[in-house]
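All chains, please: the whole structure from these sequences, using the hints.
There are 2 protein chains.
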Amino acid sequence: MVSKKMLDLGTKRSVIRDIFEYGSKLAKEIGAENVLDFSLGNPSTPAPREVANTIRYMVEELSPREYNSYTSSAGDTDTRLAVAKNLNQRFSTDYNEQNIFMTCGAAASLNIIFKAIIESGDEIIVNIPYFPEYKVFIEGQGGKPVFAKCSENLYLDIDEIESKINENTKAVLINSPNNPSGVIYPKENLEALAELLKQKQKEYSHPIFLISDEPYRELVFTNEKPEFLPNIYDNTLVAYSWSKSLSLPGERIGYILVPNKVKDHGEVFAAVGGAARVLGYVCAPSMFQYVIKNCVDAQPNIEVYRTNRNILFESLPKIGYTVANPGGAFYLFIKSPSDDGNEFCERAKKYHMLLVPGEGFGMKEYVRLSFCVDTKKIEKSIDVFKKLMDEYKL
Amino acid sequence: MVSKKMLDLGTKRSVIRDIFEYGSKLAKEIGAENVLDFSLGNPSTPAPREVANTIRYMVEELSPREYNSYTSSAGDTDTRLAVAKNLNQRFSTDYNEQNIFMTCGAAASLNIIFKAIIESGDEIIVNIPYFPEYKVFIEGQGGKPVFAKCSENLYLDIDEIESKINENTKAVLINSPNNPSGVIYPKENLEALAELLKQKQKEYSHPIFLISDEPYRELVFTNEKPEFLPNIYDNTLVAYSWSKSLSLPGERIGYILVPNKVKDHGEVFAAVGGAARVLGYVCAPSMFQYVIKNCVDAQPNIEVYRTNRNILFESLPKIGYTVANPGGAFYLFIKSPSDDGNEFCERAKKYHMLLVPGEGFGMKEYVRLSFCVDTKKIEKSIDVFKKLMDEYKL
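Residue numbers (my numbering), protein chains in the order written: chain A, 8 to 401; chain B, 8 to 401.
For the record, the hints were derived by calculation from the structure and aren't laboratory data.
Source: prediction; values computed, not measured.
Take the hints with a grain of salt, since some may be wrong.
You can't tell identical chains apart in this list, so a pair holds if it fits in one copy or across any two.
Unchecked claim - Dumping the calculated BS3-like pairs for lysine-lysine here, alpha-carbon to alpha-carbon at most 27 Å:
no.: 1; residue 1: K11; residue 2: K209
no.: 2; residue 1: K342; residue 2: K12
no.: 3; residue 1: K12; residue 2: K142
no.: 4; residue 1: K151; residue 2: K12
no.: 5; residue 1: K384; residue 2: K35
no.: 6; residue 1: K11; residue 2: K207
no.: 7; residue 1: K11; residue 2: K142
no.: 8; residue 1: K357; residue 2: K394
no.: 9; residue 1: K92; residue 2: K142
no.: 10; residue 1: K12; residue 2: K393
no.: 11; residue 1: K357; residue 2: K32
no.: 12; residue 1: K19; residue 2: K268
no.: 13; residue 1: K356; residue 2: K325
no.: 14; residue 1: K11; residue 2: K151
Laid out in structure tokens, this is it:
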């Protein structure tokens, strides 16, 4: 009656979403304040004041037709120019509206890119640990995900990536600051990747894209700054979203950047438009396009994330946990004392603490904690982590 | 380098969008007031006051986290209940949130339905005249569109549909009030279709869906009311959007209705969720989900459309044009005096009047006029139509 694949994807749903819905039910039973729900990357800081101010201005001063109407499929020109200008100022680039395609958020950006570039037999290299939906999206758009293990400190393992590249490799996908680890890949690591890709492009006589999924670019806690990939490697496509940086996850607003330096830039941008069309994306939500036009320079409020990050990153190693260094994003990736993340998550549930098993991210010995929550819950969690560690010592 | 299909879809773009962009350029050259742009179905009446009032309330009284956060992928429960309640009151049904899946507008609704139900080899019957993107969407989701001619008055031709049904038929797609003709299919016509489908389901021992694309359900100018299809045929899936009824085309907000009477309702609803996931639709835009929760009973303002419709439907036949009877929507489907719609559109351009050739809608002897514009432009157009008719009399 229905597509078996879709039924399967709809039934065996995203593990993260399932835990989130379990958490919502539990909250109704025992009160939200008693559930340490660290499952979902739903920003806990509200959108910056500029966003509500812009919306208030729109409804008070403009005619609804000025902000509720269709825009062109690539997005409102002034919005795209504002995004380009913001990038130009920060990264010394020379983009204009022809480089920016507005989308319904990061999931849309990625699916549109995959649909635009993948042809039959194409492989996309995905670096472990990775956001689980990457696999769903790549397979959904007809590609084959090929997974590359990371180095011990959770950086890119260049030798491993090299061993996975072959003539069918269409792209390498990276995500820094990383979900689930919070790790920011250092410049040398990325330059080594760029060198490898340049060499492989020559060897196979066709371009290999670097797809940079960057929803966490603005969420950085230390002096490490995420590199701007198009300045390191020409054939870079950027998938961006304001879900995390402006705390607008439900509004579905993001963009795809196709720099001029991408080979056959015009064709790639046209294929992006074709892919958006065939996936049913008529235009990005128009009111939030206008919000972005006015708020693209707004600064995210990351103080609560920084506080939470510091508490966790100081306390957990002292208790005996091995954790990745979260330079950015709002996730802590914690090694289970039993080397079994699933088992650790089940134990944590007893204390009403909800974590996501690392298995779906490609590292089953880990668990992911989202610290985009009230600091009180982070403080409460330290005791739970102690009790859990004590259980392993029995 | 990129997918040839996507490049093709991005280059040979939607004819309607191309004319619209030609019109935008022309408006910059000679002034928008001098372009009779009847190309796009972009509502000319602003969204009802309730929409801006709800948004103002949200930004003034609520925390942004209450409206900018992720909702569950099927949508906010209260919003889905409000939609179900609205349908129950109007159509004596008994829906709840388990029947409503919130989407990013009609294009998303349709693509998600097609992706959910289509398996290899499946055919979808599309009734002529039809919205051109149906072909793109069905093919994009792996199905084969099979086109069925209409009867002389542009109703469904039941014999023609019967001749197109075979064991591979997964669904029949209809759209009433119709884009591009404005025609509302009468009850007897739809009941005859339902009878045919019931018989064919038995014959082939598998369900055949009726997909009802209903963005124009609320835009009706006469006493003819569009039938509510789920009350006529059990295996009906409804694709809805508030783009036209609440004048919110840029905001991308709509829903899919999966009634309980649909065979294996739970599986179909799950497959809809799987399809939304794999197409990158994380959730429908959250702020506008809350708008819908509060404005689902708001009445569209269709007086300007009615005025425009009446002027055109009275004047054009007097000048000698053959036009379909626009019971709803905001389109007039006009037969070219030369039986060649492309040629007529080119002639009209000389007078800065932009119409869409009927070819893309499956009827090349016609042209489509969107009358969701200022009445002044409709009045101006009458003279142009006279001049054009005079040209054919020379």
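Results for each hint:
In this assembly of identical chains, the alpha carbons of K11 and K209 lie at most 27 Å apart only when taken from different copies (22 Å versus 41 Å within one copy). Taking the shortest alpha-carbon separations for K342 and K12, neither the intra-copy value of 33 Å nor the inter-copy value of 44 Å comes in at or below 27 Å. In this assembly of identical chains, the alpha carbons of K12 and K142 lie at most 27 Å apart whether taken from the same copy (14 Å) or from different copies (22 Å). In this assembly of identical chains, K151 and K12 lie within 27 Å of each other by CA distance both inside one copy and across copies; the values are 16 Å within and 18 Å between.
Only within a single protomer do K384 and K35 lie at most 27 Å apart by alpha-carbon distance; the minimum there is 17 Å, versus 56 Å between protomers. When the C-alpha separation of K11 and K207 is checked against a cutoff of 27 Å, the pair qualifies only between copies, where the shortest distance is 23 Å, while the shortest distance within a copy is 38 Å. Proximity of K11 to K142 under the C-alpha cut-off of 27 Å is found in both arrangements, the shortest distances being 17 Å within a copy and 23 Å between copies. Taking CA atoms no more than 27 Å apart as the test, K357 paired with K394 passes inside one copy only; the shortest distance there is 11 Å, against 80 Å between copies.
For a Cα distance limit of 27 Å, the shortest separation of K92 from K142 qualifies neither inside one copy, at 33 Å, nor across copies, at 38 Å. In this assembly of identical chains, the alpha carbons of K12 and K393 never lie at most 27 Å apart, being 42 Å within a copy and 56 Å across copies at closest. Only within a single protomer do K357 and K32 lie at most 27 Å apart by alpha-carbon distance; the minimum there is 15 Å, versus 64 Å between protomers. In this assembly of identical chains, K19 and K268 lie within 27 Å of each other by CA distance solely across copies; the values are 24 Å between and 41 Å within a copy.
For the identical chains of this complex, K356 and K325 are intra-copy neighbours only, at 22 Å inside a copy versus 76 Å across copies, given an alpha-carbon limit of 27 Å. For a Cα distance limit of 27 Å, the shortest separation of K11 from K151 qualifies both inside one copy, at 19 Å, and across copies, at 18 Å.
The structure shown violates the earlier hints numbered 2, 9, 10.
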